[in-house]
Structures are given as structure tokens and as C-alpha cells.
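K.L.:
For any residue, its number in our numbering is found by taking its place in the sequence shown, counting from 1, and adding 1.
The set of hints was computed from the structure by calculation and includes no laboratory data.
These numbers were taken from a predicted model, which means no experiment stands behind them.
Ideal Cβ placement from N, Cα and C applies to all residues, glycine included.
All clues given are correct.
Label pairs and their in silico Cβ distance ranges:
(1) H322 to E301: 18 to 26 Å
(2) T518 to Q30: 44 to 52 Å
(3) L83 to D62: 16 to 24 Å
(4) T368 to A156: 44 to 52 Å
(5) G380 to R210: 41 to 49 Å
(6) R206 to I449: 27 to 35 Å
(7) A76 to P288: 46 to 54 Å
(8) D62 to R497: 26 to 34 Å
(9) S296 to A156: 38 to 46 Å
Here are the computed lysine to aspartate or glutamate pairs in the EDC-like style, where the Cα-Cα straight-line distance is at most 20 Å:
(10) K462 to E95
(11) K77 to D249
(12) K195 to D160
(13) K150 to D108
(14) K150 to D104
(15) K505 to D493
(16) K462 to E331
(17) K195 to E141
(18) K150 to D121
(19) K462 to D121
(20) K517 to E306
(21) K517 to E470
(22) K195 to E254
(23) K462 to E301
(24) K505 to D121
(25) K462 to E314
(26) K77 to D62
(27) K462 to D108
(28) K150 to E116
(29) K150 to D160
(30) K517 to E301
(31) K505 to D160
(32) K462 to D104
(33) K77 to E254
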Amino acid sequence: MCMIAKEPFIERRDVLRIAPNELSFATAQAYRDIYSNSTPGSKTRRRTALLKSDTFYRNGDAPNVFFERDAAEHAKMRRLLLPGFRPAALRAQEQNVVHRYVDLLVDRVGRLTAEEGAADMAQAFPWLAFDIMGELTFGESFNAVATGKTHFWIAVLQDGAAASSLPSLLKRTPFAYLIAPFMMPRGAVENQRKHRAYSVDVVRRRLNRPSVPPTDQEKKNNSHQDEEKGHGHGHGADHDIFAGLLSDPTVPENVLVSQAYTLVIAGADTVSATMTAALHFLCTTSPTPSSSSSSSSCMEILQAEVRALPYSELTDAVLSHLPYLNAVIEETLRLFPPVAFGLPRVVPPAAPEDEDEDEGGGGANMTMMMIDGHAIPTGTEVSVAQWVMNRRADVWGSRSAEFVPERWLRGVGDDNDDDDDDGGGEKKGKEKPVTFPFSTGPRACIGITQAYLEMRVVLAKLVHVYDLELEHEHEHEHEGTHDSRSKHGGGDWLQRSRMHFMWKKAPLRVRFVPRKTTS
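Start from the sequences, fold in the hints, and give me the full structure.
P.N.:
Right, here's the structure in full:
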């Protein structure tokens, strides 16, 4: 559904009916109204929260932090997981985990280029992201970067991406049961059985692992904050996110298993997909008039910013303040959001305390809820498709579909420094762009800080060490056809990548050539 953004008549609509009882919105205000439970225009009042749709979120698995529909149970899960995602916890893990695996990847892609001519980053970034998430979640890496091979557990997830959308399809379209067997990848059922068995083994190994005492430095950095919040374990349980879940002995094993693969998938897929897309955009975007230097490409501007620092100083504390690096990441998330489709919510009856509100609640009519100025009946499924919202020309300007990191340095709609006409954008250089790659409200992604940390570090280190180019720019120019260029990651990489439940990314073969340094 997200790909219909290409149709001009849809780009101009704020809301579209996509099924008899489903509405898809395409505005930032609708996103706030649907996914946050704050009353519009108020920082303190709350209105009735929209529930996660049974059609999409009831998948038959044990509950986990992503699929849990009950707000109270979700809040309980989130509280248990929160200590592992605090900035202090992530700082403690940054050097020992993130930098260690990123440095391995930096070495690996250089060797792949030397041996095979290029590295397929649609494979290499998942190696990195899953290794990091495995270590951070339950203290166990998949060793994918070290071996240069995709672990079975990861491969099953990637191969099953298309099938992952089937449960929702079957609930929406009863007759789809007739064709479902033909849509399942070969061996999918057996692979899922093996995948679940491996997940159980991982959790049991974590349960049997003895606790690791925190170091003196970790005690100094984290114990005070944990004690204030009522979490006495700090990092002493085993230096991983799972420690929070294990602090509650009532959590059953099947829930631990469900949490394990959900946390790893959500964290790894977001980072790997975004970084693959970032390299695609950086390697294919030519210099534009909107750049600070008209003769410099996005890649060259980023390299100049990052290379002004020594490699040893490429830490998140430093990188979080590099404007162009962060603009590149935000622009990538805009054009290639981790979840491009709309996550459905159900409009509930308005709460009694909202009866007298003019907007945002039920008003006098308890069967309606206001969403971006539209009165939506109770029971309606609503969502916002980020792919559509993030590419609207009336918001983002005439170059809304182009990769322009500078828009995050200037403001919405200000696409061209030399032209007062912003090509139809509503704003011009005044307001910060608004996107929601990690959602918003009480259900927002718990790992947002971790994701940004990983993305900054890996992107900065790669462009610091190497000059990057797509393989086809040299080895395949003589083939002379659009297909021969695009199959290695050229201009139509976006069209060949597919969104199911998560992105199934097309190959992106990148050459990593050690940068030339002047003596």
C-alpha cells in the first residue's frame, strides 16, 4: 500500500479510505492524534488512547513489547526493559559492544572489496546489526561479521519477510486462505520451527548464565541512577537488556522467547535497513544547488565533516553534534522509513472526561473522535503511512522525493537557496521538518537512542576510512544496460526493495577503497 504514494492524486490527499472500515492518513497532525494519547493543544491532558488493531497485532505468539495490545501490560514490559536502554547503560556498552563490532565491519568490507570487488551491504549491515543486538539483548553474538556469513537465525528472518504479512492478509481477506499455501516460501514452516527452537535455546542459555558483577566504573556511572529509579540490578545481571526481564521471576519462558526475537529483529532491522539506504543515497546523489558547496556531493560534504576528526574520537558523544552526519541519517529515515506502511489503531469510545472537549475527545458525541479535524466513528481502523506522509510535495517542497540532507539544516520546504519559490512547500526555512521514524507516544520505539548511536558510529567510521562507490560505476559500465547497472544497487534500488513486515532489501554492492591521505 505504501508504494501508491507515486500516484499524484493520492499525494494530495490528507486521508484515504483503503478498506470499508479503514482510513489511511498522511499528515503529521494525524500521526500525533493517532499514536499519542495527549489531547491536541495540551501538554497535560490526556485523551482515550487508540488501541492496537486486532487485525494486525494479534498474531498468535506469546505477548511481547511490540505486539502487546493491552496498555497496562505493555507499560509493565517497557518498565522491565527500560534500564537496558537508558543513555547511561548504552554508554557503558558503546565501546565494548558497538565499536568492537563496527571496527570488525570496517575491516571486513575492506577485505571483501579486495577479494571480491565489492561488499553487498544489504547483507553486511544485517551482520553488524544482528551481532550488536544479540550481544546487547542476551549477551550472545551471532558472529556474522567475524565469519562474513549470514547466521541461520538471521537468514530465516530475511527469507520469511514476504510471508510475515500473511497473517494480517488472512484476517482482512477470508478467501486468501485459498491462495496462502502458494504464497509461503518453500520450507518456511520447517525453517520457522528451527528458528523458534534456536530462540528457545538462546533464552535458556541466558537463563543459565551466571551473573557478571559490574565493574567499578559501571557502578560509579550507573548505580546512583538505578537506585533512584528503583532498579537495583544496574548492569550486574549480565550487561544486557534481558537483565530487566529476568528481574521479574514471574515472566514465563515463552514470553522471554517472544521478547528475545522481537527485540533483536526490531533493533537490527531498523539499523541495517537505514544504513543500507543511506549508502545508496550517498553513492547516487549528485551535487545540487542546495548544497553548501555547489561542487560537492552529499558524500563529499559528509566525508569532510567526519574526517576533520581523528578516528579515535568518533564516539556518539562527539558524533551526535555533527550537523551534516545527523542530517544524512534523518533524511534517510524520511525517504526510507523503517516502517513505511501504517500501523493500524482502532478508534475507541471517548473517555467520559473528554465529553466536553471541542477537539481531540468525543465531545458531545461519544461515538466520534477527532483526528486531524476529521470526526472518525468508534471502531474505525486508522493509520498513517509514513512513506506517503514523508514525500508530500505540499509539505516538503518540489524536491520531496529527492535526497536533500540540507533540508534538516534549514527547514521544511527550503529546497533551493537561489530561488524564492520553494516549489509548493508550505513552509520555507522556518520550521524544523517533522517525521516519526520511531513512532511517538507511549508506544514509541524503546530503542531510539540505541539506534541513533549505532547509525552514527557505523556511518562515520566507514566514510572516515574509505572512499565509497557503487560497484557498477566501474566494473559494469561496459555492459551498458539499465538492468546491468541497477542489479548492483543503482538508481532503482528503492523500487527493487520491498516492504512486507520489514524491508526485503535489494543487493547493494559497494566498493570500499582506502582513502588517499596527504603526507
